[in-house]
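So the sequence lines, in the order shown, correspond to chains A and B. Using my numbering, you'd call the opening residue of the first sequence number -5 and step up by one each time. Using my numbering, you'd call the opening residue of the second sequence number 41 and step up by one each time.
Hints may be right or wrong, so weigh each one.
[Unchecked claim] Capping the alpha-carbon separation at 16 Å, the derived lysine to aspartate or glutamate pairs in EDC-like fashion look like this:
| hint | chain 1 | residue 1 | chain 2 | residue 2 |
| --- | --- | --- | --- | --- |
| 1 | B | Lys607 | A | Glu573 |
| 2 | A | Lys431 | B | Glu261 |
| 3 | B | Lys607 | A | Glu569 |
| 4 | A | Lys84 | B | Glu267 |
No lab work stands behind these hints: they were computed from the structure.
Here's the letter readout for the chains.
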Amino acid sequence: MSVFRDLWWYFRQEKRSYMLGVFFLLIVGMLELIPPYVVRLVMDAIKQHTLTTERLLLWLGMMALTGIVLYFLRFVWRLFIFGAAYRLAKLLRRRLLDHWSRMSPQFFHQHRTGDLMAHATNDVQAVQGTAGEGVLTLVDSMVFGGIVVTLMVTAISWKLTLIALLPMPVMAIAVAYYGKWMHERFRIAQAAFSDINDKVQENISGVRVIKSFGREERERDSFALLSQEVTQKNLAVAKIQSLFGPTISLIAGIAFFLAIVFGSRFVIRGEMTIGELTQFTMYLGLLIWPMLAFGFLFNILQRGRASYDRIRTLLAIEEDVKEGEDAIATPASGDIQIHIDSFTYNGAHTPALQGVTLTVKKGETLGIVGRTGSGKSTLFKLLMREADITDGAICIGGFSLNDYQLSALREAFGYVPQDSFLFSTTIRNNIAFANPKASQADVEAAARMACIHEDILTLEKGYETVVGERGMTLSGGQKQRISIARALLMDPEILILDDALSAVDARTEAAILSQLRRMRQGRTTLIAAHRFSGIEHAEQIIVMDEGRIKEHGNHEQLLASQGWYAWMYQQQRLESLIEQGGAQGDHTPFIQVPHSTP
Amino acid sequence: MITRRLFRYLIPHRKALIGVILLLFIATAAELTGPLLIKVFIDDYLIPESFPRSPLMWLGGLYLGLHLVSVVFQYLQQFAFHRIALAVVQQLRLDVFEKVQYLGLSFFDRVADGSLVSRITNDTEAVKELFVNVMSTFIKNTVLMIGVVVAMFLLDAKLALISFILLPLIFGLMQWYRRLSFHVYQVIREKLSEINARLSESIQGMGVIQAWRQEQRVAREFAEINEQHYQANIKNTKLNSLLLRPAVDILHIATGIVVLTYFGIGVEQSAVQIGVMYAFINLLDRMFEPVNQMTMQLSFLQQAVVSVGRVFELLDENELAPSKKGEDHPRINSGRIAFENVTFSYDGKTNVLQDITFVAEPGQTVALVGHTGSGKSSIINLLMHFYSIQQGRITIDGHSHETFDKEELRTKMGLVLQDPFLFVGTIRENIRQGNDALSDEDIQQAAELVQVDSFISQLPKGMDEPVVERGATFSSGQRQLLSFSRTMALSPKILILDEATAHVDTETEEKIQKALNRMRQGRTTIAIAHRLSTIQDADLILVLHQGMIVERGTHQELLAQQGLYHKMYLLQQGMERAVG
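Required output: the full structure, derived from the provided sequences and hints.
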């Protein structure tokens, strides 16, 4: 029941729907008692030979009217109560999305997509069930059941009611026990089911090994065994599940029998009419449902309670990056001054960055190279305030990042990550993601700069091609170029390419970068890259290693210093020669380092 | 169509099914005799107010006895229904699983693992719901309704005629609802999957959304779909309220009115039997409950049909693994492999291999080198007959490799994959690979050959140590060695190595290299090599680029050529220097 208390805020918010809904539901419950009453009247009148046509017509008219009103009211209460429940589901889904929108990437690392989705699907569904069917079964079992019993006691016979209801507690207890057993067995069956799930998963991931060892038949046999197991476990569930119907039927039958046997005595003694007895047995029939509903109720409430708790826990997580009270609302602009003494991720032991100090003047290009995990992406994350610096500060235009509103800060940046994420909408909408009102000409211009325009035109539907639709696959390089076009369309103050061209071939990369140099005069660009050719022209290049700046300078300076940069540069030249199939006849000695000046 | 095919799965259970329906008839008959007995009681004893002891005892005993019979049979019948349904689902699952076993690798290249798993498990589970709930409800309640009609005719044939109007009306109502709701249901399902797709996309793309400050727009667009889903739900609720329970109930009341009118008007002609009236009203109650139960199942029916469709789609898949050609049963004796002008394409458009020709003489080692995508793995895929070749020929000991029995290819050709995929089970089972011809001794020898025996003997349970999913508790080097031993257990004539690129420590690396050298002795070996240092003693090195052999020769010859191989060698030397 406590879940109703937790949901009270919603019941209050939807006061009108719930009050009217429950009100009509109660009226329905009472009106349902009328047809048995009419049956009794007619029956008794027939028996006592007092039935006249007028009376019959009156009574039947009453019954017909009841039927019509019932139909109408049943329609109305469903709309009120179920409608409110659907609105709750809608509200919860919206709140979840709002909440996620405020969360930092940290949050999404800690919570897997599947987990979060389970909140928005199964849990929301369960809470919706509580607010709809839960309320209904509560009213039905408690209130309606109560009304029927009251009526049986007051209007017909309290003695007969007591006798007939004698077996009912047995049913309630039996059903409760079955529920407990079934729950246990069901859990076992589910575990067996998840075993075959794992088995199939293993089988499909290991398909190559299976085929090369000719394991197919053996696999089939062991699957058959597991699947047999599932069947056995499910049969155990079925053994209990099949008890419900017959048990209810047995108890109801006994109740009927008792009602008839003892009822007839009352009839003979004149304490009761035959019509009343019939009416009584009809009421008994009406009681079966509330009894069952009582059993369902606990199930629904239990599920709803667990799910609502999960949703509440999730929604209670606060964003880890917060804005100051009177933060600057104008977009960040100007020189970037980075001064990080040390930064350690939450829960990590070793610092991810140490002693990183440098200044990037407005309009300059900074190149960052280094092995995977050397701290390049961490630096970008701090720059965009995805996490707060623990020791040190980053300033843009003289103000600390923390002084800006988050949206003002983000407006300054155009960030293109390595794993370019595209939405399942048209290519045009993907490029115009940040500015849906952009003209087609602007979109195409951005696509040209990112060297993806021609690729798009070869697609059957061109810019209107929907990403990710059946048979539509974009290569990694194409996806990266589309997400670069998305950034270029916005022409941000500070463009960050975080290894964003890794899947693009060297020649296209060079073309894109030369476009960028031309277009981004006066604006700041930060590029992290594996391929050094992409950052040769940068005013400053830093080499990161284990969270520190290992080498710092421009291309020529770094080559001259004969460090890691110079050595990697040679290796990369060799590699690119191999990729091109050796470029027959190229006998350039590898050790000499040719370079072009920008 | 789908339903008919599904019903074919019931054929092996037809006897059991007939038994169940028989049980059902008995249970129903016993159940429906109850009201008739009460009628006899009311009309013959209660109204005349005569209560002879022994007939009444009989009547009461009969009532309770029949009721008990009905309840017991109900239970037996329900359980039997479950048993049949579960057996059908198991058969369906086995069929799908077996089908998948014999699909070609080209199929697995194309279909995502996740969707395949879900079809074998979740979709067949939905079929279970269909059989256990939907079908049993329909059969049970149909029998019950027939029983009620029969009982009505026994009571009063004239009044029972009303069922002839009632039944088509109910049936029509259900059909009408099904037609109307089908569309609404589809909309709800579509909107719900759209909601889920949007949400999961928002979670995955939240970084992009936040970076471009589109939170509000995304929220707005989501709210739109959320609203559409809500509206569809409301529409469905309205439809349910108009046509389902409330409609069935008003029909119930209307019938009640007709019955009362019948008795009320008939009262003047003859003495109405009150008992008949009681029984009739009671039977009517029993007739409408099944209707409500059936209508409740309609929506499940529609969901299950979609799942069943997906299962059958998979069963109809005909992208089978390539099969053996010809009637001969050639044997692999010496292990001479020859590729003759082999050209191959996965998709029929771009060739991944072009005009590949080479010979591996018995006992020789042929190494394949080249960067990612150059076609090395495709050569192995073809040799293992995972795919059919389109042009050219591969022969083993002079016979086309397509004419060998699968069994022969698998026992004589040992493949070591890059990913040392281990199965859940014990170490022994993983080495044996279900080949019962192998004795424990053979397995021990295989382990000794690759020198993984000392590692195994250190495990608490030795050979019987359990292996968890993918062997995650072992290091990658250990997994690699175990996968060597399972290949060597078959003592193959030909060894095919897809060298691991996994990072292992130097000591393990040395062990692996030693093991590989021992394995290669006396066997024809085709090896994909990433570290050129490991193949310096190969008899032939093929350098692949874009599906073509661009250089060939021994290590020394290739270095002397100063071509691609030479550059690769220099690159790796540089790398090793940097690491060391």
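So, going through the hints one by one against the coordinates:
no. : hint                : verdict
1   : B:Lys607 - A:Glu573 : holds, 10 Å
2   : A:Lys431 - B:Glu261 : holds, 15 Å
3   : B:Lys607 - A:Glu569 : holds, 8 Å
4   : A:Lys84 - B:Glu267  : holds, 7 Å
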